[in-house]
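Asks: Spelled out from the first residue to the last, the chains are:
Protein chains: 2
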Amino acid sequence: MAHGAGGKATRRLIDGLFAPLLYESIPRHLGDAAFLEGNGRSLAVTTDGFVVTPLSFPGGSIGELAINGTINDLAVSGARPGAILASFVLEAGLRTEILEAEVRAMATAAKKAGVPIVGGDTKVVEHGKADQMYITTTGIGSPLPGLTLGPEAVRIGDRIILSGPIGDHGITILLARGELDLEAAICSDTRSVYPLVEALANAEGADLHWMRDPTRGGVATTLNELAIDCRLGIHLSEEEIPVRDQVRGACELLGLDPLHIANEGQFMAVVDASSADRMLAVLHETPGGEEAQIIGEIRDEPAGAVLAVSGYGGTRIVDMLVGDPLPRIC
Amino acid sequence: MAHGAGGKATRRLIDGLFAPLLYESIPRHLGDAAFLEGNGRSLAVTTDGFVVTPLSFPGGSIGELAINGTINDLAVSGARPGAILASFVLEAGLRTEILEAEVRAMATAAKKAGVPIVGGDTKVVEHGKADQMYITTTGIGSPLPGLTLGPEAVRIGDRIILSGPIGDHGITILLARGELDLEAAICSDTRSVYPLVEALANAEGADLHWMRDPTRGGVATTLNELAIDCRLGIHLSEEEIPVRDQVRGACELLGLDPLHIANEGQFMAVVDASSADRMLAVLHETPGGEEAQIIGEIRDEPAGAVLAVSGYGGTRIVDMLVGDPLPRIC
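As they're listed, the protein sequences go chains G and A.
For what it's worth, our numbering labels the leading residue of the first sequence as -2, then goes sequentially.
For what it's worth, our numbering labels the leading residue of the second sequence as -2, then goes sequentially.
Think of the hints as simulated: they come from the structure by calculation, not from any bench.
Do not rely on the hints blindly, as some may be mistaken.
Same chains, same label: a pair holds when it works inside one copy or across any pair of copies.
What the hints assert, rightly or not - SDA-like cross-link-like pairs, simulated, lysine to any residue; straight-line CA separation at most 20 Å:
1) Lys108 <-> Pro17
2) Lys109 <-> Gln243
3) Lys5 <-> Leu91
4) Lys126 <-> Met(-2)
5) Lys5 <-> Glu123
6) Lys109 <-> Leu144
7) Lys126 <-> Glu176
8) Lys5 <-> Gly301
9) Lys109 <-> Tyr20
10) Lys5 <-> Gly90
11) Lys109 <-> Pro239
12) Lys5 <-> Arg245
13) Lys108 <-> Ala302
14) Lys108 <-> Leu33
15) Lys108 <-> Leu14
16) Lys126 <-> Ala173
17) Lys5 <-> Thr105
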């Protein structure tokens, strides 16, 4: 299970097996989307499988997640989402109402984001050979002009902006499974972050250096990957990282670190220090960006690692997610 | 299960649920790929889930099928395959050798076809929540110049060319399951048909009116869909349809019609009568096209239906596949 959790084991699987065999020219840094060039036009493409359980949960459902997750992968790669394809694996005996609800959720999310669904496929497997349904979505987008994103664009002194509170999605899924005797008034954060990304790109696109959405493995895993890729150190101010009380409480009870919990409606941007305050203001003025924060900065040390500084001045190394405390959260 | 078989129930599911909800502008005729326009460039895109069981079988395996199936959907839509994305759902406990073998099969098939794999995703579900592995592939291609394909381009008098013998794939899968006390020296026909399609397009592209690969539901279902879409009648000369003896024998024993059996390496083209012989010659000269045949023609009657004429002059209506005698063949 750990190989699917988005942490260290996943990276070993990708770097050790998939990438060397599948990708003829291994991308130096694996991003959320790939870019294709041809006929004078560049395209961004991304694909993602969704296996979340339960299928629906406070704030969202698998169909809605499949649309917004793919939109967000394009958005944080610096692309405007243009079209989506959807492929379904359905378990025989799945109730029509459940299928219809998810198809409707996809249509609603796609319409809200203004991204057409242009094609799809359906396969049915025997009862017991899938868990109701799995959905794979593929997104195709156009690169936003004027952006040069990637770990190689990240500089010492750059600031890290986080779009809003973390951990809502992972904790919501955990509670929705009903395996814990724990309740909290909390919803998944699932949404399209494209409007926020577009606002930043329009305001100070040239000063945007890197973006990612901290999904599987959470903020900690995503920033560790960045630290490794750019060979610089990441300093986080722990008290600046927005975490709702319910999420913090659940994490304390369960011995989890909010930095490892998955998000579905947040993203992080590394930006030039000179523009950081202005970029934060742009997010605050954009609907859905009101809770954005500058949570840290890039330094030379500890190279390849992430350091969190607590409110009391204590520091700790924040590692990637190891193992999988929360399987199948997306 | 019938909803996944590619026949009548699948069409009801797509026309009744998916298309009205998902596709803002419902394509009048659902093809194997969708076309996107933008920035003066047109793109062909297609997505397909693969759930074949067993994972490997004489002549191929799920990974190889996932690459060639997607290449073929682009090819018969009249597009040159340009890039593939792959998304995996893996069952926890899947043996590494099996995963590696399929990843290798994908890499080999992609390399042979000259199409790069540019991205992917992996999800892991608990043991018992998938049948070893499912793969979804998405293909992106560029439309071949000079082609106008579609049921609306089909005319009375047009000829139907079939690229080679039918039923090999479906019967191979059926035998590979070992549930029947039946053996035959037969292999899946899985392969890329793009070289054959390209040869036709280069030779007489303007006279190519329609192409499809007869996968789930076989030749009968694919041609019934064409008959309905173009509102014309399709006459097949049954004795011209190439079927290997082993396939014919297995079908007779099992009470199956070879016209309903799935193929993974064949395609059909409807071509202008004036070019039909020349197109057939082009296929015969192209490696892999030696067994192509002209198997029928388009007439005005019976509108919306497919008629097969036997060697003795008898005729029968060939219906779409109903139910699913062979689930999970791709």
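Asks: Against this structure, judge whether each hint is valid.
Replies: These are the hints, each one checked on the structure:
no. : hint               : result
1   : Lys108 <-> Pro17   : between (38 Å within a copy, 13 Å between copies)
2   : Lys109 <-> Gln243  : neither (28 Å within a copy, 53 Å between copies)
3   : Lys5 <-> Leu91     : between (34 Å within a copy, 19 Å between copies)
4   : Lys126 <-> Met(-2) : both (17 Å within a copy, 12 Å between copies)
5   : Lys5 <-> Glu123    : between (33 Å within a copy, 19 Å between copies)
6   : Lys109 <-> Leu144  : neither (25 Å within a copy, 35 Å between copies)
7   : Lys126 <-> Glu176  : between (23 Å within a copy, 18 Å between copies)
8   : Lys5 <-> Gly301    : within (14 Å within a copy, 56 Å between copies)
9   : Lys109 <-> Tyr20   : between (34 Å within a copy, 14 Å between copies)
10  : Lys5 <-> Gly90     : between (36 Å within a copy, 18 Å between copies)
11  : Lys109 <-> Pro239  : neither (26 Å within a copy, 50 Å between copies)
12  : Lys5 <-> Arg245    : neither (24 Å within a copy, 52 Å between copies)
13  : Lys108 <-> Ala302  : neither (40 Å within a copy, 37 Å between copies)
14  : Lys108 <-> Leu33   : between (26 Å within a copy, 17 Å between copies)
15  : Lys108 <-> Leu14   : between (37 Å within a copy, 17 Å between copies)
16  : Lys126 <-> Ala173  : between (23 Å within a copy, 19 Å between copies)
17  : Lys5 <-> Thr105    : neither (35 Å within a copy, 27 Å between copies)
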